[in-house]
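K.L.:
Generate the whole structure from the sequences, applying the supplied hints.
Protein chains in written order, with our numbering: chain A, 1 to 320; chain B, 1 to 320; chain C, 1 to 320; chain D, 1 to 100; chain E, 1 to 100; chain F, 1 to 100.
Do not rely on the hints blindly, as some may be mistaken.
[Claimed, not checked] Derived, one-sided and incomplete: chain B residues facing chain C with beta-carbon distance under 7 Å:
{"no.": "1", "residue": "G36"}
{"no.": "2", "residue": "Y171"}
{"no.": "3", "residue": "F182"}
{"no.": "4", "residue": "S188"}
{"no.": "5", "residue": "V191"}
{"no.": "6", "residue": "P193"}
{"no.": "7", "residue": "F195"}
[Unchecked claim] With a straight-line Cα cutoff of 20 Å, these simulated SDA-like cross-link-like pairs (lysine to any residue) come out:
{"no.": "8", "chain 1": "F", "residue 1": "K99", "chain 2": "D", "residue 2": "H69"}
{"no.": "9", "chain 1": "B", "residue 1": "K24", "chain 2": "A", "residue 2": "L160"}
{"no.": "10", "chain 1": "E", "residue 1": "K99", "chain 2": "E", "residue 2": "L8"}
[Claimed, not checked] Chain A regions said to be covered by chain B (calculated; three or more residues, Cβ under 8 Å):
{"no.": "11", "region": "32-40"}
{"no.": "12", "region": "192-204"}
Hints in this document: simulated from the structure, not taken from any laboratory. Keep in mind that this is a model prediction, so the values were computed, not measured. We treat Cβ as the ideally placed atom computed from N, Cα and C, and that holds for glycine.
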Amino acid sequence: MMLDNLLDPVVLCFVVGVAAGLLKSDLQFPEQLYEGLSIYLLFSIGLKGGIELSRAAPGEVFVPVLATVALGVIIPLVAYFLLRRLGRFDRPNAAAIAAHYGSVSAVTYAVVISYLVRIGQSYESYVTVLLVVLEIPAIALGILIARLGSATGGVKWGALLHEVFLGKSVYLLVSGLLVGYFSGFDRSEAVAPLFFGLFKGALALFLLEMGIIASRRIEGLRYTGFFLVMFAVAMPLISGALGTVAGLLSGLSLGGTTVLATLAASASYIAAPAAMRIAVPKANPTFYLTAALGITFPFNILVGIPIYHAMARFAHSIGG
Amino acid sequence: MMLDNLLDPVVLCFVVGVAAGLLKSDLQFPEQLYEGLSIYLLFSIGLKGGIELSRAAPGEVFVPVLATVALGVIIPLVAYFLLRRLGRFDRPNAAAIAAHYGSVSAVTYAVVISYLVRIGQSYESYVTVLLVVLEIPAIALGILIARLGSATGGVKWGALLHEVFLGKSVYLLVSGLLVGYFSGFDRSEAVAPLFFGLFKGALALFLLEMGIIASRRIEGLRYTGFFLVMFAVAMPLISGALGTVAGLLSGLSLGGTTVLATLAASASYIAAPAAMRIAVPKANPTFYLTAALGITFPFNILVGIPIYHAMARFAHSIGG
Amino acid sequence: MMLDNLLDPVVLCFVVGVAAGLLKSDLQFPEQLYEGLSIYLLFSIGLKGGIELSRAAPGEVFVPVLATVALGVIIPLVAYFLLRRLGRFDRPNAAAIAAHYGSVSAVTYAVVISYLVRIGQSYESYVTVLLVVLEIPAIALGILIARLGSATGGVKWGALLHEVFLGKSVYLLVSGLLVGYFSGFDRSEAVAPLFFGLFKGALALFLLEMGIIASRRIEGLRYTGFFLVMFAVAMPLISGALGTVAGLLSGLSLGGTTVLATLAASASYIAAPAAMRIAVPKANPTFYLTAALGITFPFNILVGIPIYHAMARFAHSIGG
Amino acid sequence: MTLAHRKLVTIITESALESMLVKDLENFGVTGYTITNVRGEGARGKRKGDWDQNRTICLITICRSDLAHVILDHLAAVYFEDYAIVAYLSDVEVHRGNKF
Amino acid sequence: MTLAHRKLVTIITESALESMLVKDLENFGVTGYTITNVRGEGARGKRKGDWDQNRTICLITICRSDLAHVILDHLAAVYFEDYAIVAYLSDVEVHRGNKF
Amino acid sequence: MTLAHRKLVTIITESALESMLVKDLENFGVTGYTITNVRGEGARGKRKGDWDQNRTICLITICRSDLAHVILDHLAAVYFEDYAIVAYLSDVEVHRGNKF
Ligand SMILES: Nc1ncnc2c1ncn2[C@@H]1O[C@H](COP(=O)(O)O)[C@@H](O)[C@H]1O
Ligand SMILES: Nc1ncnc2c1ncn2[C@@H]1O[C@H](COP(=O)(O)O)[C@@H](O)[C@H]1O
Ligand SMILES: Nc1ncnc2c1ncn2[C@@H]1O[C@H](COP(=O)(O)O)[C@@H](O)[C@H]1O
Ligand code: NA
Ligand code: NA
Ligand code: NA
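P.N.:
Below, the structure is given as structure tokens:
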């Protein structure tokens with residue numbers, strides 16, 4: 001199952017991307033291609049979610065959303081505690097890293113969905129909503145923790161909420177959701193070839209570039225110390241387990257539980273770093289970027305997802 | 001019908017784009033993605049037109065082309081007259097704005113076509129030719145009017161004709177037409193997935209960005225005064241009516257008349273501003289851009305097209 | 001057959017691109033769109049090759065690869081000899097130009113494949129391997145010849161090999177091959193709409209831009225002299241003939257022979273110029289770029305490919 | 001025509017700071033500014049600009065010498081410690097002195 | 001090696017003027033120029049460069065001091081009134097004086 | 001605060017030289033550099049930047065005056081003959097003198 005995952009073209013593209021970075025190939029995607037692909041992917045994810053939502057029963061989504069919010073609070077607290085106590089990180093760095101692990105990576109979400117589709121495992125139609133819901137609480141919490149007792153004036157919450165909710169990634173996901181929800185399945189047919197037909201190919205191409213970018217983060221390891229490496233592998237396993245429990249308790253199916261576990265295990269590298277750089281300037285980006293993007297992201301793509309799927313299967317076999 | 005139009009994903013994308021701009025989201029398409037999409041859209045429009053033309057009877061197109069040229073002369077004259085007399089604009093500004101309203105917006109054309117396709121309304125295969133034909137006369141006329149009696153030397157017509165005919169937008173449309181016409185339907189099949197399969201999705205994405213750009217133009221309203229706002233809503237209705245009449249008189253079908261009315265009602269924001277900036281430097285871009293892009297373009301996308309369709313239906317019901 | 005080739009949309013796009021350049025239209029693709037398209041094309045070519053390879057018999061490819069390596073050595077030697085003796089070029093310039101003609105153009109490869117597909121001519125599944133194999137030897141040989149007896153220290157082979165093997169174009173082709181080979185046909189189905197469905201359309205768009213770029217090279221003719229123009233037309237015919245013979249001798253089918261002849265006839269304008277600029281600074285880029293991109297590339301696209309196909313048919317009719 | 005002497009302030013820093021810097025400059029009353037996307041390397045490592053967190057901008061503004069020094073001091077106090085940033089002044093001559 | 005003193009002319013303006021400015025400079029006999037795509041804000045409002053009519057370029061050319069002043073006066077006479085434009089001079093030292 | 005005087009070295013050249021130049025600068029011990037993608041025209045023709053072989057970069061580095069001269073001499077010796085390249089020095093004032 002592990003090997004099977006590694007042979008998916010999306011994952012192989014990530015591998016050749018990482019290799020390009022490690023071998024110092026001069027291959028690099030032009031920055032606007034990277035941005036264009038990420039706009040496309042985020043909007044497509046939202047759109048698909050919105051269309052599916054327009055066919056879902058409205059009440060269904062309530063309990064899983066609550067469970068997801070709970071994850072968005074518990075995971076960063078656990079992470080913060082580990083980083084402070086075991087890792088001896090100072091408050092700003094611990095808070096900033098914790099925010100990254102409490103938030104989510106939309107690309108990891110896209111990969112787990114493509115994984116489930118490939119193995120023929122169904123999942124709840126509204127999981128995109130959980131992706132959106134999980135993106136924000138941890139970021140707010142991280143900022144709050146970092147600022148508690150800090151001398152540097154109050155937090156400009158207005159500006160920050162604006163930054164986070166209207167930031168590129170959340171805005172695109174939510175826009176897609178709304179467009180999909182209101183236009184519905186039939187009206188969206190004519191845009192399907194672009195947004196759905198090409199999705200997996202575009203994801204593969206994007207992961208090639210993400211491989212290059214992630215591999216360049218690895219040189220940050222020199223400065224981060226061994227503890228953070230351990231943390232960046234252990235934390236997703238812990239959050240994945242928490243996500244599995246939350247999925248089971250909130251009544252998600254096996255597929256939905258796998259998605260929620262993967263979301264929980266994923267670490268943000270778009271919305272969280274952008275917010276932390278402004279709101280917690282004392283936190284060193286080398287720490288949170290190396291951990292979230294240099295280690296946890298590859299870990300999840302290469303081996304994490306099958307593990308979370310196994311966790312979900314195990315939980316459902318005993319709890320379901 | 002109005003609501004139905006608003007729920008089309010292309011139109012909804014425009015709405016979320018406008019919202020992004022008004023809410024000051026930091027979402028913005030990288031400029032080369034914007035340019036890439038506009039190259040793709042213009043070439044695809046031309047290509048589709050060329051392929052359809054290769055199957056049309058050659059004589060058919062003659063009368064509608066003449067009617068379109070007439071529109072390209074009459075509309076800017078009407079607009080100029082209104083702007084000078086009622087709006088009290090000076091000559092360069094009135095001429096420059098008039099040129100914009102006499103010319104066309106290819107994106108608005110694409111949206112009306114997608115509207116007709118969705119509601120199952122057929123139209124003449126050669127309407128793309130009308131799009132190309134209507135693009136230029138008003139621009140030339142606007143420059144001519146602006147320069148009449150102006151002290152600033154003569155117009156460098158050579159440079160200007162070059163600018164307009166070989167400008168990006170006209171060149172791409174015409175290239176597409178030629179490639180489509182000469183390669184024909186069968187040979188073009190292998191390129192169809194890119195140019196036709198993805199068209200509507202790409203249009204949706206492009207309109208998201210156009211929404212952002214258009215909404216930023218709205219702050220120009222502070223400087224333009226109330227008359228121009230009125231003009232930017234009334235003028236498309238007037239030109240739409242003129243276009244409807246021209247369509248009816250030249251024997252176009254209901255669908256074709258709707259297209260011609262929409263073309264007449266649309267205001268240029270690519271070719272015209274580029275030409276005016278060089279040829280009529282005394283005209284203030286804030287005026288023509290706010291009107292054409294900030295008001296008329298959204299008006300046409302959101303509510304104009306169903307109105308022009310209704311106009312065409314009314315005209316055909318009494319005149320046809 | 002010639003005319004038939006000219007009416008293919010891919011070739012017509014090249015023609016309107018050249019026209020845009022000659023007419024000095026301001027149409028130009030944004031540079032990151034150009035780069036994005038070239039990344040897409042190279043990776044798609046590799047991916048398709050890899051998938052086909054995963055279904056080919058492993059031994060089959062051995063003899064043709066040997067023949068291709070031989071071509072990669074013989075063609076630059078012939079070219080170097082002609083350029084030195086008849087063209088009176090100095091060593092660095094002759095060596096650099098020879099390297100370009102010994103190496104290959106992946107876009108020309110894509111066009112010949114699309115040509116064969118259109119006329120329904122089958123070819124060996126592993127020809128992409130020949131494309132990759134032919135890319136490099138001539139470049140190494142060109143550098144070696146240029147440096148022989150040159151005072152400027154030794155060649156930094158490490159840096160150069162790195163440059164060539166890990167350069168963008170080779171890396172993308174090889175990555176695509178590996179991803180395609182390991183994921184195989186079934187797993188790649190979900191990425192097929194992007195990488196295969198859109199391929200020909202993207203190639204058409206790319207050739208439009210290549211037409212613009214190539215036509216701008218034509219002004220280089222003022223400096224290159226008449227001999228180089230002759231060379232840039234004669235050399236592909238010579239290499240095409242050598243490629244035909246190599247194809248026949250190594251047992252390739254008619255389609256495969258046409259591909260190998262076209263590869264032999266094509267001149268590199270990505271990998272070779274990049275390597276020459278660094279390794280042979282005394283060679284004037286105006287010479288090799290005008291020849292390879294300004295003359296040979298258009299020659300091959302417009303009339304060369306049908307000629308090489310005719311050569312292959314002739315050879316197979318007498319030799320096969 | 002005689003030209004006026006002004007200072008050119010150049011700030012090379014993380015693109016994350018763009019909107020804050022622009023607000024700062026507007027508060028200081030500069031009459032305009034120009035921004036270029038760049039990439040580079042310095043004490044805080046390589047910034048290739050290949051993705052969001054890696055982008056660098058170069059912001060310039062022309063202003064009177066006294067204001068230029070005030071701006072530089074402000075940057076030093078607020079941003080130098082925590083961000084990848086370089087700032088410097090140079091001399092320029094402009095046509096319309098009242099414009100800057 | 002001793003260096004020669006030259007002026008650097010910098011022009012920040014609407015991209016619509018690019019080809020006209022390049023023609024002007026060539027007529028004045030400059031030996032070269034360099035252009036960067038930029039964005040900015042000034043008396044004529046924000047120019048984010050997000051679409052065609054909003055693009056801004058920064059054009060520089062190195063030349064002798066007298067030519068630099070001629071160019072600046074020409075710009076002031078022809079473009080300052082109607083276009084979003086800023087232009088200034090600064091001092092540079094170059095290696096190959098005859099090249100500029 | 002008092003400012004320190006430094007030299008700004010500007011190099012405009014083919015993008016093919018980028019990695020070699022960066023290595024050279026690092027060997028000379030500069031503390032950082034900044035690169036912008038540009039286009040232009042000079043003695044070696046138009047460089048529109050529309051495809052790989054046509055790209056031009058503008059590389060700047062701030063350093064002490066003596067190092068600036070050493071760098072310029074090195075460029076002249078190694079690259080001026082065979083490549084499209086322009087390089088010049090100008091004066092800048094910086095806050096943290098020890099940073100450059
Ligand atoms: N000596 C220098 N010369 C030119 N640019 C520099 C220099 N040092 C740093 N920079 C630029 O300023 C950015 C931030 O510098 P730093 O804070 O030193 O990491 C770098 O990424 C470079 O783009
Ligand atoms: N004080 C300034 N410093 C730097 N750049 C400026 C300044 N004022 C204007 N600019 C630039 O010049 C362009 C045109 O300026 P303006 O004509 O004042 O609108 C602006 O969009 C800015 O990019
Ligand atoms: N006089 C000049 N002023 C500004 N930039 C120049 C000048 N001459 C050359 N350049 C730039 O330097 C590059 C190389 O110049 P060259 O070696 O003269 O071809 C050109 O492509 C321009 O971008
Ligand atoms: Na998480
Ligand atoms: Na119109
Ligand atoms: Na060859």
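K.L.:
Can the hint on B/V191 be confirmed by a CB-to-CB distance to chain C that is less than 7 Å?
P.N.:
Check passed: Cβ of B/V191 comes within 4 Å of chain C, closer than 7 Å.
K.L.:
For the region 32-40 of chain A, do three or more residues have a beta carbon lying closer than 8 Å to a beta carbon of chain B?
P.N.:
Coverage by chain B holds for the region 32-40 of chain A (5 residues, Cβ < 8 Å).
K.L.:
With chain C as the partner, please determine if B/Y171 meets the hint condition of a C-beta pair closer than 7 Å.
P.N.:
5 Å, holds
K.L.:
Quick check on the hint: B/F182 CB to chain C CB, less than 7 Å?
P.N.:
6 Å, holds
K.L.:
Verify the proposed pairing of F/K99 with D/H69, using a straight-line Cα cut of 20 Å.
P.N.:
18 Å, holds
K.L.:
Should the interface hint for B/G36 be scored as holding, given a Cβ-Cβ cut-off of 7 Å against chain C?
P.N.:
Holds - the Cβ of B/G36 comes within 7 Å of chain C, reaching about 4 Å at its closest.
K.L.:
Given the proposed pairing of B/K24 with A/L160, does the C-alpha separation stay at or below 20 Å?
P.N.:
13 Å, holds
K.L.:
Is E/K99 close enough to E/L8, meaning Cα to Cα at most 20 Å?
P.N.:
14 Å, holds
K.L.:
Can you take a look at whether the region 192-204 of chain A is actually covered by chain B? Rule is 3+ residues, C-beta closer than 8 Å.
P.N.:
holds (count 6)
K.L.:
With a cut-off of 7 Å on the beta carbons, see whether B/F195 makes it to chain C.
P.N.:
6 Å, holds
K.L.:
Is the shortest C-beta separation between B/P193 and chain C less than 7 Å?
P.N.:
With a closest approach of 4 Å, the B/P193 hint holds.
K.L.:
Closer than 7 Å between Cβ atoms is the bar; does B/S188 clear it against chain C? Give me holds or violated.
P.N.:
With Cβ-Cβ at 5 Å, under 7 Å, it holds.
Going down the numbered hints, you'll see the structure goes against none, and every one checks out.
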